[in-house]
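Following the hints, position chain B against chain A.
Each chain, letter by letter, is given below.
There are 2 protein chains.
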Amino acid sequence: MKYIPYETLIDFHREILAKAGLDSETNEAVTTGLCETSLRGVDSHGIRLLPHYTRSALSGRKNPKPNYSYTQKFPAFGALDADNTFGHAAGFKAIGYAMRMAKEFGIGAVAVSNSSHPGAMASFVLKAARDGYVAFAFTNADALLRSHGGQRAYFGTNPTCFAAPRIEEEPFCLDMAPTIFSWNKLLTYREKGEKLPGEYAADEHGIPTSDPDLARSILPIGTYKGYGLAAMGEVLCGVLTGMLFGRSIPAMFTTPMDQPRHLGQFYLVMRADICQPLTVFEERLQQMTDEVRQEPNLDGERVLLANDPQIEEAQRRKEEGIPVVDNLLEELRTLASDLSVDVTL
Amino acid sequence: MKYIPYETLIDFHREILAKAGLDSETNEAVTTGLCETSLRGVDSHGIRLLPHYTRSALSGRKNPKPNYSYTQKFPAFGALDADNTFGHAAGFKAIGYAMRMAKEFGIGAVAVSNSSHPGAMASFVLKAARDGYVAFAFTNADALLRSHGGQRAYFGTNPTCFAAPRIEEEPFCLDMAPTIFSWNKLLTYREKGEKLPGEYAADEHGIPTSDPDLARSILPIGTYKGYGLAAMGEVLCGVLTGMLFGRSIPAMFTTPMDQPRHLGQFYLVMRADICQPLTVFEERLQQMTDEVRQEPNLDGERVLLANDPQIEEAQRRKEEGIPVVDNLLEELRTLASDLSVDVTL
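Chains as they are written, first to last, in this note's numbering: chain A, 1 to 345; chain B, 1 to 345.
Pulled out of the complex, with its shape left as it was, chain A reads as follows (with noise of 0.2 Å):
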């Protein structure tokens, strides 16, 4: 385990993607979304992924200088043709344009198609609520959360992600995926031959098990519930975008490299000023954050708002470092040689 400051990894991460062809644009939204992603914690959605995502831009999965086709189709809702790039590219040129459309509409949609894997949802609406407005996104995601009932997946584990502006500088932040543990998380239980805390996956008969090895699925959150948000984003991100839903779309990591994803992502913009000036609704926000903060507490628990371990983690990390496990260091090391990229880790 090493400590690397934001600052090199950031770096880092741009060398890299610069040597996989990406283009300037492009790469400034994929190193700023896994470097950010892991600032605030969140490694499994952070430069763990880089060299999945340098090998996706060599092999021709995703396209690394994308030509975009955006189409205004309504005043406030538009479509953005992605070209097979990555998705956190996409998602900031989306949410861009949603944040336009809401500046002028009120509100602002964006339907995005032919992407790929856009890591933590967190990273657009963030930027959005950031800049006083309040967000929506989701993406689809492959099969893997076991379906109500069912013996096997149909449903991605679709995350659902909310964003909103306070008076502190980091705003209110929901990012969830509706399943009751992560399949990261369990492969990493599968790695150590540990078995899981619950019965929280199930294996191929659709029965719940605690064996990381037999696992094939994972369980939702509130049974037919979190199936039922899954079910939600599949609408919004396969359905709608015209993009591929359910079983039918390609896996993360066991697809060839060189077959695009054809995934698709939904985002919404709003203003947060239509029953109040921005400045009130910031200050309401915050009196909410204020409150739940405040809450009495279980015996040694913390009562939080969602995104408050990110910002603390985030904190931590801004100072320390970014923690890079040696398995992990050892395999962006060898990446940068194999690119011949001179930024030391």
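A couple of the hints might just be wrong.
Stated by the list, open to error - Not the full set, but computed from the structure, chain A residues with beta-carbon under 7 Å of chain B:
{"#": "1", "residue": "Phe105"}
{"#": "2", "residue": "Phe162"}
{"#": "3", "residue": "Met176"}
{"#": "4", "residue": "Ile221"}
{"#": "5", "residue": "Lys225"}
{"#": "6", "residue": "Gly228"}
{"#": "7", "residue": "Ile274"}
{"#": "8", "residue": "Arg284"}
{"#": "9", "residue": "Met288"}
{"#": "10", "residue": "Glu291"}
{"#": "11", "residue": "Val292"}
{"#": "12", "residue": "Pro296"}
Said to hold, decoys possible - Estimated spans, in silico, between C-beta atoms of each pair:
{"#": "13", "chain 1": "A", "residue 1": "Pro208", "chain 2": "B", "residue 2": "Gln294", "range": "20 to 26 Å"}
{"#": "14", "chain 1": "B", "residue 1": "Gln294", "chain 2": "A", "residue 2": "Pro197", "range": "32 to 38 Å"}
{"#": "15", "chain 1": "B", "residue 1": "Arg130", "chain 2": "A", "residue 2": "Pro197", "range": "40 to 46 Å"}
These are computed hints drawn from the structure, not numbers from a lab.
Think of the CB as a built atom: it goes at the ideal place given N, C-alpha and C, for glycine as much as any other residue.
Chain B only, in chain A's frame:
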């Protein structure tokens, strides 16, 4: 238990609410909302609310003849002051404005202030989806969901609601509270003196319990995730609308009946024909629906999509009538007698 024909129930509600002083538009909205919700089998939010609703009109909590004030603050985002009328009436009004904006601008939203309990939010999004639109609806409610890590509730059981059209007559529709159990269901266990099937509630110290007598709050789905969804609903409905939020919201049943509750709601409607014609969207959502229903099921279970149980129940109840339990039947008959209504149940 008596099975009462749907049309009879509608006539009965219309008569009762007319005697309670509701103007015809408000009456139609509440009657439609309550009766259709019972038809769909969602008894907790259906006709059992009629006695309470009637009292709330007679006692002054709710305005039976509202003067709405609608402000088109931005071209695609409006604010509706509902003049403390029934949440159902405000909801149908708001979704109508949002549909008109969506038609012209592609998307439209309405923030509703000075509203009250809107019943089942599905009522409103279904209206939009049956007309070919994709829609979201949110409301806040008084504190009842135990905060993650906390001793008591700060947020209400704020639901997330979404619908979208497909080929078959009834839309896809998700309408879910972020809790693992409903408070109304808990009350029926309390009445029967039975334990809950699991530790779904929390006592006065925030400790999980299966004893409905000790229950003071209800637990969220996915621990911090359901709690996060409730917070998101509060940002949209309490903070954005300029209404009360968190523990300041007056409780539905224990607040004096002459006091308005000043709830907020948020409605959003968008066109489905952004990346493809509406008919193609509907065909694709139908394909997703059909694929899900054909997924391999667990023994003794079925793989359904959100709204499937309600669609089936509505078909059954259209034929067999709406089952009304004896207590409620008695209460409704007393109400009719008190108000000199001569529709016989």
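TODO: Would you pick out the hints that fail for this structure and give their numbers low to high?
DONE: none
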